[in-house]
Amino acid sequence: MANERPKADVVIVGLGWAGSVMAEELTRAGLNVVAIERGAWRDTSTDFPPAVDPDELRWHTRRELLQPMSVETTTFRNKTGQTAAPVRNWNAFQFGWNVGGAGTHWAGMSWRFLPWDFEVATQTAERYGEARLDSLMAEGLQLQDWGVTYEEMAPYYDRFERIAGTSGKAGNLNGERIKGGNVFEGPRERDYPTPELKDTNWMRMYRETTEGMGYNPFTIPAGNISQSYVNPLGVTMGPCTYCGFCDFHGCGNFSKSSPQACILPALMRRPNFTVLTETEVLHAVKHEDGKTVKGVQFVTRDGEEGFQPADVVCITAYQMDNVRLMLLSGIGEQYDPTTMKGTIGRNYSYQTCSSVTGFFSGAKMNPFIGGGALGVQIDDYNGDNFDHADLDFIGGAGIMGYSTNGRPIANMNGIRPGNKRWGSEWKEAYARDYQEVANIFCQGTSMPTRDAYLSLDPTYKDRHGQPLLRLTFDWNRNDKSMIDFATEKAIEIMKEAGGEDLMVDNQAEAAWNPYKQHSSHTIGGLVMGSDPSTSALNPYLQSWDCHNVFSVGASAFPNNGGYNPTLTVGALAVRAARAIHETYINNPGPLVEA
Amino acid sequence: MTSPKSPGMNRRQALFSIGTAAAATGLATTGRAAELHGFPHETAMSADHLPVPAHRGGSFRILTDETDRATLKAAFDRLIPADDQGPSASEAGCLEFLDDQLSRPYGEGAALYLDGPMNREREAAIMGAAQVFATPRDRYAAGLPALEAYAQATDGAAFAALSPDRIDEILTGLEAGEIDLGDDVDGQAFFELMLQNAREGYLADPLYGGNRDMAGWKMIGFPGARYDFRPYIEKRGEELNLTPVSLIPND
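As given, the protein sequences belong to chains A and B, one line each in that order. Position in the first sequence counted from 1, then plus 2, gives you the working numbering. Position in the second sequence counted from 1, then plus 107, gives you the working numbering.
Mixed in with the good hints, there may be bad ones.
What the hints assert, rightly or not - Covered by chain B, per the in silico footprint, the following chain A stretches (three or more residues, Cβ under 8 Å):
no., stretch
1, 69–75
2, 196–207
3, 348–362
4, 408–418
5, 454–467
To be verified - No farther apart than 30 Å at their CA atoms in a straight line, the calculated lysine-lysine pairs in the DSS-like style are these:
no., chain 1, residue 1, chain 2, residue 2
6, A, 200, B, 325
7, A, 200, A, 482
8, A, 200, B, 180
9, A, 422, A, 518
10, A, 181, B, 342
11, A, 422, B, 180
12, A, 497, A, 181
13, B, 325, A, 366
14, A, 497, A, 463
15, A, 288, B, 180
16, B, 342, A, 171
17, A, 366, B, 342
18, A, 482, A, 463
19, A, 463, A, 288
20, A, 497, B, 180
Just so you know, these hints were derived from the structure itself, not from any lab. Every residue gets a Cβ at the ideal spot worked out from N, C-alpha and C, and that includes glycine.
Required output: the full structure, derived from the provided sequences and hints.
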């Protein structure tokens, strides 16, 4: 084949969090690894130092660190039968566009999922009876366990937290509940690497209010670290300065957990690691027997095609692209919602969220003091932390009072309801309300359904002429009931805190579309599980269809937790990489019998 | 042009001179599509990540038509009028800001997906609002003359010559989707574009030509491009009286 590169032990497709974590594990085990990344090399001092980073227009409004839609977008429709439309402008999906991927521009909320999130089907049946589970399935939910439990995931979570330097306070140390931490979290064997962040004015108000109402507030675990820290790879991070230019931005302080700040300084120095930047993988190429792949076909920035042979292919791109690459490579079978056969594209979920905004006359919130993950949360209504016996839904939401930023363009509509968005009326309102506004966010679970899935679009193409990925999704009845419930709780909290002139934005009240951007946490489509008829990957993130293909990303989640996905992605990456170098390389073949 | 590394040039001067050189930079063309081994030793800023200040001291480059510019100024200065809270949009530099933004990849719609087929009704039905089918530059090129034609047709006068109350009435109608600007211009979407850009210009770093004297930031009490609030986070609820800071160095 023309332009064929020397063979690698492992090729990594997409060098974001998942790819960097896997490359670090695999090169440390002595394997020869080549990573291929569509975006450019970006680093702290050369691309987003403190004199460049605090620029809202460029990084947040124009989103210049994100992959533009002109490079690749998705198409969208609410239900099968509609003709999907392309998502032409900036939207909920925040693809990375550089070495470091979305791990460079993320906000930093660093959650372990609850034990319940990994076993929704089993635990729903156990706690509420088989009939309850059957009835949810009968109305169209497609509940299934992950094939891995929280207990099995805990060591991988711990490893990723150590690499990332996560700040926080334990709420469950080996089963002992600790007030001030998240008492609902699964057991952890040791505390976070760095202590929790400090409270802003609004966080303190939220903490005191929720505590007074009998809830269990805690500081959100953050990839905005609270003090300097040296991680297990020998990389030094600095303390967060609460600068308020975090999500959508890089971090100039080496204090936001990212591949740049945590992994690349060690990984790049390894002689058995290579990265091809500004090079896009088009698809994997299968061997004639179809049971394995021989490598990946790529195209450089200058349009030159090439082939990278490898013994193992790890697909670690953005969630959407992981699914798309499997479909473009012909690995596995496209999910069909009418027959429910096929596993690629199955169990897509978005995230069910709402917000409650309140105003506090005369307050000085000083909202510019912020961090991407800076907030106080209660988990009393998340997951299955509360009794659902008499409720008409399963799942729940983390309810947070947050202080992510006071960026003036992003917040310019944060004015009391009834005020115009322009004219002297807007100026007067914004001058007053900028300091008086506060927000509560409900970040909810999302349950997969039979009718929500990913497939290739028949019409629209990317810049290389390859089909775009098509998303078919709308809210389901269960999740709508859940977020109605959580939103009511958030309204009670806001009123108790003294907030007035409330604005409630419950996006599940009408049909969803990708311009409703309450969450960027898009998941599923290439899910892990122990049953090859309902999952694309086995519990080690290995393809059931081609045993030398592994894929890590939020695409592997069969359902969405009421949390941000990154820590779980990082933990799954550690798990998959260890399965490869501890077992697979010595004995290539399925790690789990189908 | 002076080299950025000339002796005696301060950081402020350097910013504006390198900005001019880098102004043509597009989306992520770093010239580094490469096989990387080992940690890169280059410590210079990536050319395409240098801050690019607004074009200064010259004529308008995109908004070159005088009538268009008068229409835009009239609309912008009702969206953000001069009052006790601060200067108007045009006084704060929002026209220069917009002209400069339209000269950049943003104006060219470089990030947008503009491939066909394009179907106005179907896409709007699925996405809940009118979709973008043209670049911001083209939308202004079509929208401003359409606004002027509307004023001529309804009032027999130039848009810029209308009374503030009448302009407010038209803007209100556009915002509500009640004014038809013809087949080529979605009036409501064009209103949203103008409102977005006017307020961006009023609130973005002065580096980009608007927000003169940081008037927009002073209006709300935003301290700008400061990067360290550790000394202040525990002064909860206090008036901090922080002087705003721009990305343009003081000296």
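Comparing the hints with the structure gives:
1. Only when three residues or more bring their CB closer than 8 Å to a CB of chain B does the claim for the stretch 69–75 of chain A stand; here the count is 4, and the claim holds.
2. Residues of the stretch 196–207 of chain A lying with their CB closer than 8 Å to a CB of chain B number 5, which satisfies the three-residue condition for coverage.
3. Chain B is given as covering the stretch 348–362 of chain A, and this is violated because 0 residues of the stretch bring a CB closer than 8 Å to a CB of that chain, at least three being needed.
4. Counting residues of the stretch 408–418 of chain A whose beta-carbon sits less than 8 Å from any beta-carbon of chain B gives 4, enough to reach three: the coverage restraint holds.
5. Check result for the stretch 454–467 of chain A against chain B: holds, 3 residues qualifying (beta carbon to beta carbon below 8 Å, three or more required).
6. Simply put, residue 200 (chain A) and residue 325 (chain B) have alpha-carbon atoms about 27 Å apart, close enough for the 30 Å limit, and the pair holds.
7. Taking the CA atoms of residue 200 (chain A) and residue 482 (chain A), the gap is near 34 Å; set against the 30 Å cutoff, the hint is violated.
8. Distance check on the hinted pair: residue 200 (chain A) and residue 180 (chain B) sit about 45 Å apart at the alpha-carbon level, beyond 30 Å; violated.
9. Of the supplied pair hints, the one linking residue 422 (chain A) and residue 518 (chain A) holds, its CA atoms being roughly 21 Å apart against a limit of 30 Å.
10. The hinted pair formed by residue 181 (chain A) and residue 342 (chain B) meets the criterion: a straight-line CA distance of about 25 Å does not exceed 30 Å.
11. A distance of roughly 20 Å separates the Cα atoms of residue 422 (chain A) and residue 180 (chain B); the hinted pair therefore holds under the 30 Å criterion.
12. Under the criterion of a C-alpha separation no larger than 30 Å, the hint pairing residue 497 (chain A) with residue 181 (chain A) is consistent with the structure, at around 25 Å.
13. In summary, the hint linking residue 325 (chain B) to residue 366 (chain A) is supported, as the alpha carbons are separated by about 15 Å, within the 30 Å threshold.
14. Taking the CA atoms of residue 497 (chain A) and residue 463 (chain A), the gap is about 49 Å. The hint is violated against a cut of 30 Å.
15. Between residue 288 (chain A) and residue 180 (chain B), the direct Cα distance comes to roughly 60 Å. Violation of the 30 Å bound is thereby established for this hinted pair.
16. Under the criterion of a C-alpha separation no larger than 30 Å, the hint pairing residue 342 (chain B) with residue 171 (chain A) is consistent with the structure, at around 23 Å.
17. Using a Cα cut-off of 30 Å, the hinted pair residue 366 (chain A) and residue 342 (chain B) holds, with the two alpha carbons roughly 10 Å apart.
18. Distance check on the hinted pair: residue 482 (chain A) and residue 463 (chain A) sit about 33 Å apart at the alpha-carbon level, beyond 30 Å; violated.
19. Annotation: proposed proximity of residue 463 (chain A) to residue 288 (chain A) holds, straight-line Cα distance about 23 Å (limit 30 Å).
20. Distance restraint check for residue 497 (chain A) and residue 180 (chain B): the Cα-Cα separation of roughly 42 Å exceeds the 30 Å cut-off, and the hinted pair is therefore not satisfied.
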